[in-house]
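If you read the sequences in order, they're chains A and B. Going letter by letter, the first sequence gives residues 1 to 169 in our numbering. Going letter by letter, the second sequence gives residues 170 to 272 in our numbering.
Simulated from the structure, these hints should not be mistaken for lab results. Please read all numbers here as calculations on a predicted model, not as lab measurements. Keep in mind that the hints are not guaranteed to be accurate.
Stated by the list, open to error - Capping the alpha-carbon separation at 25 Å, the derived lysine to any residue pairs in SDA-like fashion look like this:
1. B:K260 <-> A:L66
2. B:K260 <-> B:A185
3. A:K127 <-> B:S261
4. A:K127 <-> B:A242
5. B:K260 <-> A:R23
6. A:K161 <-> B:V196
Next come the chains, spelled out residue by residue.
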Amino acid sequence: MNITFYLTAVVAVISTFMVITRRNAVHALLYLVVSLLSVALIFLILGAPFIAALEVIIYAGAIMVLFVFVIMMLNLGPQSVAQEGQLLSPGIWVGPVILTALLSGELLYVLLRTPGRVFNITTVSPKLVGMALMGPYVLGVELASMLLLAGLVGAYHLGRKDRSDGGAS
Amino acid sequence: MMPQALLEHGFLLAGALFALGLIGVMVRRNILFILLSIEIMLNASGLAFVAAGARWGQPDGQVMFIFILAMAAAEVSVGLALVIRLYHVFKSLDADCASRMKG
């Protein structure tokens with residue numbers, strides 16, 4: 001069971017290294033999703049199942065979709081069409097697929113090996129996290145909601161169409 | 170595995186991921202990759218919080234990760250809106266295009 005932690009750590013470091021060395025943004029996103037999934041598996045090993053689920057849903061789901069939307073909106077012209085054909089060639093997707101297959105193999109190993117406690121570390125349940133979040137940290141939750149509202153207004157202001165008289169921006 | 174070793178190795182992994190993100194911010198000039206590297210760094214700091222919380226079996230580390238997650242979501246939405254503005258003005262994603270201030 002030590003081996004799962006180290007294997008996942010190696011997958012995370014390799015995929016993160018691939019993110020910062022890619023030339024194509026979509027390929028980098030593909031590797032970043034693998035990196036986030038491996039960090040989610042590490043959270044599961046560290047006894048934080050709620051955070052592992054949040055990592056997959058919000059980081060690998062929502063934030064990566066935002067990046068994909070922006071790459072689509074930028075609409076980089078005929079160059080992107082060439083990339084589309086290139087994406088189907090095996091050299092591009094075989095790396096992320098190998099790393100993800102390693103991760104899913106580890107997940108199956110963890111799930112099937114022993115029911116119950118695989119790692120002798122105390123699991124912090126979502127109930128405890130929720131009680132701490134709404135108890136002593138409730139002021140932080142309010143501040144986070146204001147930060148998200150400010151982010152929403154800021155993104156709307158920056159993203160709208162520029163007026164011809166230059167009043168905006 | 171002993172919790173102490175798990176904490177140390179979790180910190181080592183978080184440090185390695187943070188260093189990779191920092192290298193990405195310093196080396197890449199494409200502003201989209203700079204944003205991706207910032208996401209990597211935020212994720213690594215969250216990993217350090219969760220590892221420290223798991224060492225003592227307390228939920229505080231996970232609470233801090235949720236705050237980091239909310240902050241990352243707000244940051245990336247404003248950052249990507251700025252990327253779109255930058256692309257409309259300069260027709261390029263090079264961060265060095267915007268190195269001069271106006272006025």
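Status of the hints after comparison with the structure:
no. : hint              : in the structure
1   : B:K260 <-> A:L66  : holds (20 Å)
2   : B:K260 <-> B:A185 : violated (34 Å)
3   : A:K127 <-> B:S261 : violated (47 Å)
4   : A:K127 <-> B:A242 : holds (24 Å)
5   : B:K260 <-> A:R23  : holds (18 Å)
6   : A:K161 <-> B:V196 : violated (32 Å)
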